[in-house]
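Trainee: Given next are the chains, with one letter for each unit.
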Amino acid sequence: MSRESWLNAALLLALVVVPGWALWADEPFTITLATRAVIFALAAVGLNIALGMGGLVSLGHAVFFGIGGYAMGILASHAQNYTALMEWPFVIEGTKSMPVIWLVAVAASSCAALVIGLLSLRTSGVYFIMITLAFGQMMYFFAISWPAYGGEDGLSIYVRNGFPGLNTLVPIQFYGICLVWLCIALLLYARLMRSPFGLALNAARQVPARVRAVGLDPRRLQLVALVISGGITGLAGALFADLNRFVSPSMLSWQMSGEIMVFVIIGGVARLFGPVAGAGFYVLLEHLLGGVSEFWQIFLGLFLLAVVLFGKGGLVGMIAGRRRDG
Amino acid sequence: MSLLSLHRVTASYGASQALFGVDLEIAPGQAVAMMGRNGMGKTTTVHCICRMLPAQGTLVFDGHDLSRLPSHKAARLGIGLVPEGRRCFRDLTVSENLIAAARPGHWDAARVEALFPRLGERRRQRAASLSGGEQQMLAIGRALMTNPRLLILDEATEGLAPTVRREIWAAIAALKAESGMAMLVIDKSLKELRGACDRAVILERGRSVWSGAMADLSGEIGETYLGL
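Order-wise, the sequence lines are chains P and H.
Under the numbering used here, the first sequence has 145 at position 145, and the numbering climbs by one with no breaks.
With the second sequence counted from 1, adding 1000 to any position gets you the numbering used here.
Some clues are possibly wrong.
Covered, in the sense of this in silico footprint (three residues per stretch, anywhere, with C-beta under 8 angstroms from a C-beta of chain P), are these stretches of chain H [claimed, not checked]:
{"#": "1", "segment": "1065-1072"}
{"#": "2", "segment": "1090-1097"}
{"#": "3", "segment": "1100-1111"}
{"#": "4", "segment": "1134-1146"}
{"#": "5", "segment": "1209-1220"}
Since the hints were derived computationally from the structure, they do not count as laboratory data.
Glycine residues also receive a C-beta, built at the ideal position from the N, C-alpha and C atoms.
With these hints in hand, go ahead and build the complete structure from the sequences.
Mentor: The following block contains the structure:
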C-alpha cells in the first residue's frame, strides 16, 4: 500500500472513530461538527471532479450547493404547510422524504450545471471563472429577491426530513447517512479517475488538441464532468440544509463557492481524499480557533498561503508526497 | 476509390499563405510518403487533413467532406495522427495513455504492447519519464488505439537513435503487412521511405509538384526537389 492509501485509510477510520467516541462520551455537538465536515467534504468531492480532474476552476459551485439546499427547503416547506408546490397542469406536493429530496436536488443541480456548462465552457481560464462567478451571483440575488421562499431571511424547516427506517433527528443516524453518501461519492471519484472518461478528461486538461486528435471532444468531456460535479455538490447542499434545518441565500453566495474551493485546495487538488482532509481541517480550525477569535480566518488565510506557496499537493500532498511515482 | 483525396488545397497561417495547391490521393491500404524540404508544407498539409488548421479546396475522407468537420470528428472518421514531437499525455501512465484513446476495433492495449514490447514493460510508468523513442512508440500506440483507417506519421523517427529508428521502421512495416492500414508517412530518410511506401508525393513551396509510384522516383527528381 502506498503512503497515500494509508493516509486515506486513516482519514476514513477517523470519520468512524471520532463520531463513535463522541457517541460514547455523549458529545452530540462533536457529531454535528463531524456531520458538517462530511457534508462539506461531499460538496468538495463534487468540485474536485471539475477542478481536480477537469482543471475547471469553477467559482460558482455555490449555485449547485444552494440549489440542493433550496430543493430541500422548498419541498419540505410545502410539506409542512400542507400546500401544493404546483397545482396546474398537475398537482405536485411537497415532501419530507429525504430520498425524494435528494433526487430532486441532484436532478436540479445537474440541470443547472448543464446550462451553466454549455455557456461557460465556450470560454476558458479567467473568463470561465468570471462566468461561473456571474451565474453564482445571479442565483444569489434571485434567491434574495424571491419572497415566496423567505427571500433574504431564508427558509426554516421545523423537523428534519425523514429517511425510511431511521430517526434522522438522532445526530449519529443523520451522520451515518451523510457518511454513506461521502463514501459513495469517493468510490465514484476513484472509479472515474481510472475510467477512460477520467483519463481523457485529465489529458484534455493538459493538451486539448491531442485529445481532439484521438477523436474526443474536450468540451463534451468537461461538460459531463461539470454535470456530475454539480450533481454531487447539489446533493451535499440538500444534506447541509437538512443538517441546519435551514436554507438561506448565503448558501448561494460566492463566499460559499470560495469555501468549497478552499476545502479542495487545502486538502489537495485532484487527490481522492483531498476534499475530506481539507473539509475536516477547515471545520476543526473553525471550531478551535473560532472560540479564540472571531477573526480565525486570518489563520486559515495564512495556512492557505503556505499550502499554495510551498505544498502544492495540499495536506494530502504534504503527508503522502507527490502524486504517483516516476 | 481513394480513401483520402485532397484537391487544390490551400491554407494560411493568418496573413501568410502556406499551402498554394496540394493534391493527394491515398487508396485504402496504401502507404504514401510525403516528401519535401523543411518549410515546404508537409506538416501544414497534415494539420489540414486533421482539421487542426482551416483549409480551402476539396478534402474528402471516405466519402465525407472534411472541410466542415471539427478535428475530433475527423479523428472519429478514422484518421489517426502521430504528431510531430510525439506529444503524449505526460501525466498519464503508458497504459492510461492507451486507455484514454481507446475505441473498439482490432487494436487494443495487448496488441499495441505486442507491437512494442517496451511499452508493455513500462506500462505503469508516467509518459513524461519515458525516453524519446519510447514516447514515440507510445504516440504510435495511442493513434492505433483509435483504430484508424488512415495512420499519419509525422516525422516519427526524428531525433531518435539508429537502433530505435530501426525498431520503429520495423513496426511500420509490420503494420503495413499485417493490418493493411493506409498510411501517410513523413520522414527525412528516403531510404527507409522507399522500403515502407508504395507511392510518394513531393511538396515544394506549398504545392504538390510530383506524385507517382515510389519506384518511379528517380535520382533526378530527388535532386531537384529534395536536395539529395
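Trainee: Indicate, hint by hint, whether the structure satisfies it.
Mentor: Comparing the hints with the structure gives:
no. : hint      : result
1   : 1065-1072 : holds (count 3)
2   : 1090-1097 : holds (count 6)
3   : 1100-1111 : holds (count 4)
4   : 1134-1146 : holds (count 4)
5   : 1209-1220 : violated (count 0)
Going through the hint list in order, the structure does not satisfy hint 5, though it satisfies all others.
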